[in-house]
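Modelling step: build the complete structure from the supplied sequences, incorporating the hints.
Now for the letters of each chain:
Number of protein chains: 4
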Amino acid sequence: MISIGVIGCGYWGPNLVRNFSVLKGCRVKTLCDTDPHRLEAVSSLYSQVELTTDYSSLIADTDIDAVVIATPVRFHFEMALQSLLSGKHVFVEKPMVGNVHEGKILLETAAKHNLTLMVGHTFIYSPAVRKMKQIIDSGELGEIQYLSARRLNLGLFQKDINVAWDLAPHDISIILYVLDDSPLSVNCQGKAHVHPNIEDITNMVLNYHNGRIATIQSSWLDPNKVRDMTVVGSKKMLVYNDLEPMEKIKIYDKHVEIPPHYDTFAEFHYSYHYGDMHAPYIKQYEPLKRECRHFLDCIETGDTSESSGIEALKVVQVLEAASKSLKDGGGKIDIEPYYPSEVVSKTAVDSRLG
Amino acid sequence: MISIGVIGCGYWGPNLVRNFSVLKGCRVKTLCDTDPHRLEAVSSLYSQVELTTDYSSLIADTDIDAVVIATPVRFHFEMALQSLLSGKHVFVEKPMVGNVHEGKILLETAAKHNLTLMVGHTFIYSPAVRKMKQIIDSGELGEIQYLSARRLNLGLFQKDINVAWDLAPHDISIILYVLDDSPLSVNCQGKAHVHPNIEDITNMVLNYHNGRIATIQSSWLDPNKVRDMTVVGSKKMLVYNDLEPMEKIKIYDKHVEIPPHYDTFAEFHYSYHYGDMHAPYIKQYEPLKRECRHFLDCIETGDTSESSGIEALKVVQVLEAASKSLKDGGGKIDIEPYYPSEVVSKTAVDSRLG
Amino acid sequence: MISIGVIGCGYWGPNLVRNFSVLKGCRVKTLCDTDPHRLEAVSSLYSQVELTTDYSSLIADTDIDAVVIATPVRFHFEMALQSLLSGKHVFVEKPMVGNVHEGKILLETAAKHNLTLMVGHTFIYSPAVRKMKQIIDSGELGEIQYLSARRLNLGLFQKDINVAWDLAPHDISIILYVLDDSPLSVNCQGKAHVHPNIEDITNMVLNYHNGRIATIQSSWLDPNKVRDMTVVGSKKMLVYNDLEPMEKIKIYDKHVEIPPHYDTFAEFHYSYHYGDMHAPYIKQYEPLKRECRHFLDCIETGDTSESSGIEALKVVQVLEAASKSLKDGGGKIDIEPYYPSEVVSKTAVDSRLG
Amino acid sequence: MISIGVIGCGYWGPNLVRNFSVLKGCRVKTLCDTDPHRLEAVSSLYSQVELTTDYSSLIADTDIDAVVIATPVRFHFEMALQSLLSGKHVFVEKPMVGNVHEGKILLETAAKHNLTLMVGHTFIYSPAVRKMKQIIDSGELGEIQYLSARRLNLGLFQKDINVAWDLAPHDISIILYVLDDSPLSVNCQGKAHVHPNIEDITNMVLNYHNGRIATIQSSWLDPNKVRDMTVVGSKKMLVYNDLEPMEKIKIYDKHVEIPPHYDTFAEFHYSYHYGDMHAPYIKQYEPLKRECRHFLDCIETGDTSESSGIEALKVVQVLEAASKSLKDGGGKIDIEPYYPSEVVSKTAVDSRLG
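Residue numbers (this note's numbering), protein chains in the order written: chain U, 1 to 354; chain Y, 1001 to 1354; chain R, 2001 to 2354; chain G, 3001 to 3354.
What the hints contain is simulated information worked out from the structure, not anything from laboratory work.
Be careful, since some hints might not be right.
[Said to hold, decoys possible] Straight-line alpha carbon distances no greater than 20 Å define the calculated EDC-like cross-link-like pairs of lysine to aspartate or glutamate that follow:
hint, chain 1, residue 1, chain 2, residue 2
1, G, Lys3131, G, Asp3228
2, R, Lys2225, G, Asp3253
3, R, Lys2131, Y, Asp1253
4, G, Lys3314, G, Glu3336
5, Y, Lys1250, R, Asp2253
6, U, Lys225, Y, Asp1253
Quick look at the structure:
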């Protein structure tokens, strides 16, 4: 029976509590939030759960095996690191941390203590994204040439991170997952309209080998909610619209054919082949439930999670590069590959803990 | 009675012939195309029209008062310049020419001979775009902070120009028209997937005073046809979807409000106000018909067209800057303001004509 | 503190348990279901709830003040009647009962014992339907001439009731609520495709004074899920689409104007005025939560519920008339108005109870 | 070279003129309309066409081989009959005539004189409807159990016919074509809101062998334009939405499966199988052009048209039965099968001609 403590009962925390409360093989022992009203509200459904406003005491609780962190990003590193150093497995919401350096420290610490470190990139556990990867891996689309993602809505505005750090982690984690390839560099442009220095609109470009690119638009300033992704392959195209109730994925059997030479028609345009559209059936389930189940399984088996610290670090690397590019006016920022073997000096850890 | 000669009976030309054929105060005297089959096909409806495959003879015809040019871009300058030098008024399809230098020569030549030079930026004559400008000018949206346009579809691929030169002129002309402001610089990134060196996907950013930006996405590689524009104002937002049969323009009474200081809620997010959505009634008519009528009126009155050579030159300036930025890997390219007073040496004209 | 017992933990029951569990002033004491696995599954979240597979013992429990019934319709009457006779307030899911006679008995019994009898017509507690009624009552649409509702999807097939009894209660209760008028008669046609004698497609017409009609289409055999209602007024039209995430209600300022006599154009058609479209902002909340709160309030205050037994009986009257019309091949079946004063002989009750 | 005279240059006539003007093997000799302004407007594009406001003179013209009639329905019979009696082939717009009796007279007359009589049921020449028939005939959907059509919009109101006669002919002709089966009887209910005695909303039911039904909703009083058809088969379902720009036809691999007996789950509902959705590619072309071409071919070959008088008569039979049912309050009206062999007394013809 894995005993769990949850830190953060704001917007997302309650969903984690709900799922861990019904999963077999674990129990939610303690809830923590700085706001007593939130604690009361959430706990009303879970009469036997202990409550605290002091996260350190929760982390210090020797009866707790795993800590689930659903707080603003700026608290992630401190709470996750303390939990790991206290021998707790850690599930932390995305993005894992606010910079690559902190991410590496968490990775190394988890590795050193043989603890599970998993990050809440929920979308890669969703049936639609699984189906999309399956289709791409099958080669049905041919070679993937281009990928374009949009995540737009009005608000919710964060005060301490920009829209890229707030919304893009979803798209970055999905793209890393389905392409199974690491970008070499990142460009990012954006603009802050509402709050100075906090971009509410960003356009990101991930640059891959052979000039393949993936673009990500993120916005807090769009009247319409948009959650879509277009994948252009050499044979077919795929559109993933997460807001579609039934047909979330549509495959278009359309592609461009370069006409034979000397075809005078080609003087004016390429011919292109139009074909059928196909929306595969996707069985629905709650991604978060599968994600929580996966966390418990990894703790028991010691397996590496599909959204482990290493995968999560790649997301942070892209976000950090994007931030640099934003300051740089959109210039290309390289991503240096990370080798887990790389050692983080213990002093680095101690220094952060003072 | 204005006598008109039309050069180019391909994809768009026939629409111009159809409109000029029914408008009062003019007649279509001659059609020209290099392809005799196209000529025959188009003329079947217009039994009294003369046909030729030699555009020079059409331009030389002293009975013709105005020349309408609907050919691939690379022929625009030569044909328009010859027509102006032969004393003909000129209506040329967009983009006016392939570079700023040629555009200036056409402007100066038209001015010198007191001839009407008009470019087919049809959208600024459409009821939806007129309504959009009217709403923006009324101040209903507040100060315009951000504008985002998309024009996506599969093909038609051009062989001699990239997707930015093919599709973006529509959006650039609309943005210049509704904002009534000139961008200071342009960034553009893109990628050529199908044909080397001809980008089929481009993302353009127009940079204005005070950091205001407008973004334009153009693609020949999207399975879905998209023609939309989002305008974010300080008070309201507007979405223009040209593919909507009825409600092409929707105004969203939603905006972000910065909460008072010391509001603890603000620690987590800005509040935002949701309001009504409103789709104003837009009376339909054919924009091209209005545009053709406007050309005839400008010839008669000598007035400057709403899509005159000067307006069209601004579009070419943006496109030329975008091309430089593309080669430059997305860097910012400044646009030097153009003063019509500026003189183009006669030699420049002669040199081109050899 | 109102003590509640819930009978039926199948498809809908758990939602009622969830809401009553968090509402102030009540507690869920006992859950009942014939399937022990369902009981276990639902109770896992509510550790202090008692469980039973015998609904009679639940009804007999003197510590329970109110019984909530979410079982198949065929059990409603028996369970509700026993509960009332045991002095319990009753909340029963829709449709209240399978025929008018049973409905009257429940009404009279509740009245006789001064108990609250409320039926789960959830939609009349939804923000969109409230807004629709408010708009209609304001007169903005003019006189309501016609109303058309559709509720279509694939399955879920009931075994003991047809699609009209399964889906139409939603639409009937909404129409009765927003029009605040009782139909004089009903026509209904339909067809059973999948299971003999259980119609899976029905088209119902409610006939009102002055020939005003409302139509209701119900289907278990449509590939697309549809939940909409069109209201035609003498001034404006309203469309309520419950599947729209944001703009559930759209008001169209379009109406037909009869042209003056002697207008030759009128020989061919009426002119019609096109105007703006307007989607009012609707604040979201969970209708079921409000409904459950309302039930508790009615118990405390003794007020009559907005979905009281009397309102629910009108729905059953329409359904019963529709069933007769179905057997009758679509003929018009009158609805005899019901006067609550009407007495139901005690023997009727006893006879049913044996 | 077939010489054609066109009567009626109102809403639809010009489209017929445009097509016949470019088709090989024919020429438009004369246009007729009672309104000189319409004549002038339409003829402006066709300089060599003769004009007249007297349709009798057009019919009497011995140089004319075929008469095309695009007038209000009430003139169809008179003009078509005179044309046939003058030895002209006839193309008349839908509905062919206002009652079955007149329809039979036209049929017999055309047959007697070996003339082509064709009616403008354009939709059966459209690529989407052809594809739909092909899919149904292939058996992919299994046995067709149910068909439901909707054709709704605001106006255009006719003054001399109700909405069923105005809009339903499209749907009736499509249904007759794709099912290739004749209904045994018709039910129709409706209501006149705007103009007394002219229904602006009708719901029609076509009853076939084995209780199979097809429903047709027609409305002039809907704020949204709707043109769709749902076909429910024993294996799959098909939705045809004529307003979809690309995917007009969608096939849903969903159907209901009756679970094995003794499956306790079946106590509550039938299981249903969800599968993929598939939108076949449909090559676009102008249906009217194909229809006009087909008329010319039938004249030359003497073949019977796919929308011959006999097919058109079936449509009129349904409409006439629907009108009777409307007056009858929705009762079932039988359709008596028609045998072309049936003789129409010459006196009947003469009497009408006086």
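What hints, given by number in increasing order, does this structure fail?
Checked against the structure, no hint fails, so every one of them is satisfied.
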